[in-house]
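Just so you know, the sequences run in chain order F and A.
Sequential numbering from 1 applies to the first sequence in the working numbering.
Sequential numbering from 316 applies to the second sequence in the working numbering.
Just so you know, the hints here were simulated from the structure itself, not pulled from any lab data.
You may find that some hints are simply not true.
[Claimed, not checked] In silico SDA-like cross-links for lysine to any residue, where the CA-CA straight-line distance does not exceed 20 Å: (1) A/K470 / F/G91; (2) A/K470 / F/G259; (3) A/K470 / A/R517; (4) A/K470 / F/S242; (5) A/K470 / F/C307.
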Amino acid sequence: MAEAQFLIRHAGPHVTIQDAGRPGLSRYGVPASGAMDRPALALANAALGNPPGAACVEVSPGGLQLELTRGAITLAVAGGGFVVEVNGQKGGSWSVLTLTAGDRMTIRPGPWGSWTYLAFAGALQAAEWLGACATHSTSGLGGGRLVFGGTLTVQNAETRPRRAGPIPCPVWCRPRHEVPLVLGPQDRFFPAHAVQALLEQPFHLTASHDRMGVRLDGPRLMPESALSIPSEAVLRGAVQVSGDGVVTVLLADHQTTGGYPKIATLAGAETDRFAQLRPGDTVLFRAVSPRAALLMARQRAAQTDACLAALARKP
Amino acid sequence: MTGPDLRPPAFRPVADRAVLVEFAAQPSPQAEAAVRALDHALAERPCPGLVEAIPAFVNLCVVFDPLMTDHDRVTGHLRGLLSHPAPQRSAPALHQVDITYDGPDLPAVARARGLTPDQVIALHQAAEFHVVMYGFAPGYAYLAGLPEALALDRKPAPQRGVPAGSVIIAGRQCLITTLTMPTGWWIIGRSATPILTGDPARPFLFDPGDRVRFRQAGHG
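Work out the full structure: start from the sequences and follow the hints.
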């Protein structure tokens, strides 16, 4: 079968192999990991006719340059507003294109977004750990980080010319400054004015933004007293407050447990577009009920399924 | 199932996809037993849409798929489990873990507690530990049962680059590291026993609740 091979000519920090992740192992200290923007990864795959959770390259703002050294292959790029340049020809993410041997492709940040996904028509060869290729960035376990001078191999590589062209970018894949969250589970340990500050004052993303989480600049949210809770489970999207009142939102490679109080947790459906925000961006948190957040998750799942089905219908 | 010292559990919704069942504000053997019992009962009788249950010192976080169920249904299921006595479990597994007591902090631990290094080793080796929970990083199992005579606060600043396989202690706990990571705990030895086993059928050596004893490598 045909094989395609790429030489990695540049890979910024935090460029890793990701897939749909390995949920269900938090009780062993293993977070689900997987794409920071899960719908974008699924759409990149679906645009090629791949299973939605297939392994992709997750490109960070550090960017990526690949040279196809062997074979010919169709690729899809989805997520964020990145610049995709092939042999000097500029295009954008949310597109399907075909490379032949000798072609060079550069992916770098464009007008918006922090993460984009490069999917391959074929099977990207990547190390599995506990049933998934998703890279756990802190340990490097899983498919791993891309490094300068390394190679990527795709087995059963195909060109799928009929898939070429743009991928529609759903509006809910774009980040929004208003971010819904559910208060708790430890909001009761904060004075009313701290909860009010969380919901009424703007926060800004700092440059401390990686796969584990993002630290926010904004009002300090001091708990009622010097507070240490017994270590307990932490979910993706947890809004954690450290001893000095600084807020951090935990993301795909979060620690599975922690002893800092969590004043709130982002609505699951909004966690991925939140991850697409950039350092300096402003967020305004809005409290919704657990039930409202659950209905948002159901609505988003239906919207995602509809987009995936439309892409699957493409010949 | 809840002991006389425990308040009735609180059920706290977490975002769109979890219920945190909390048995106490602070750790105690009773709280831990209650968490363990509910964790076991849920494993025996999972509810539809269950993704995972994450045990910790005073609570169990029950994560569900919001497309398949909701907070009320999961809470109802958990209340049902709590209202029935837990099925009798067989005794938790006992693991023997190899250790070489050559950690760089062994002399400092001995000094701080007014012991000789040999006394530290004897106390650590005589203790029976049990796995309270995993946390922090893959395979980091918090082992309770460190004797009071060895209890020390964490170091004021974490030490970087502590290699995987280090046996570290702080408070009344012990831990075998699985990654090279910074830690503020005291390094008393190293272990060649892998916690991340590499065996797909049983990728982690311990289950929460399992018992653990340390055995000096090369001493039978």
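Structure-inconsistent hints, enumerated in ascending order: 1, 3 and 5
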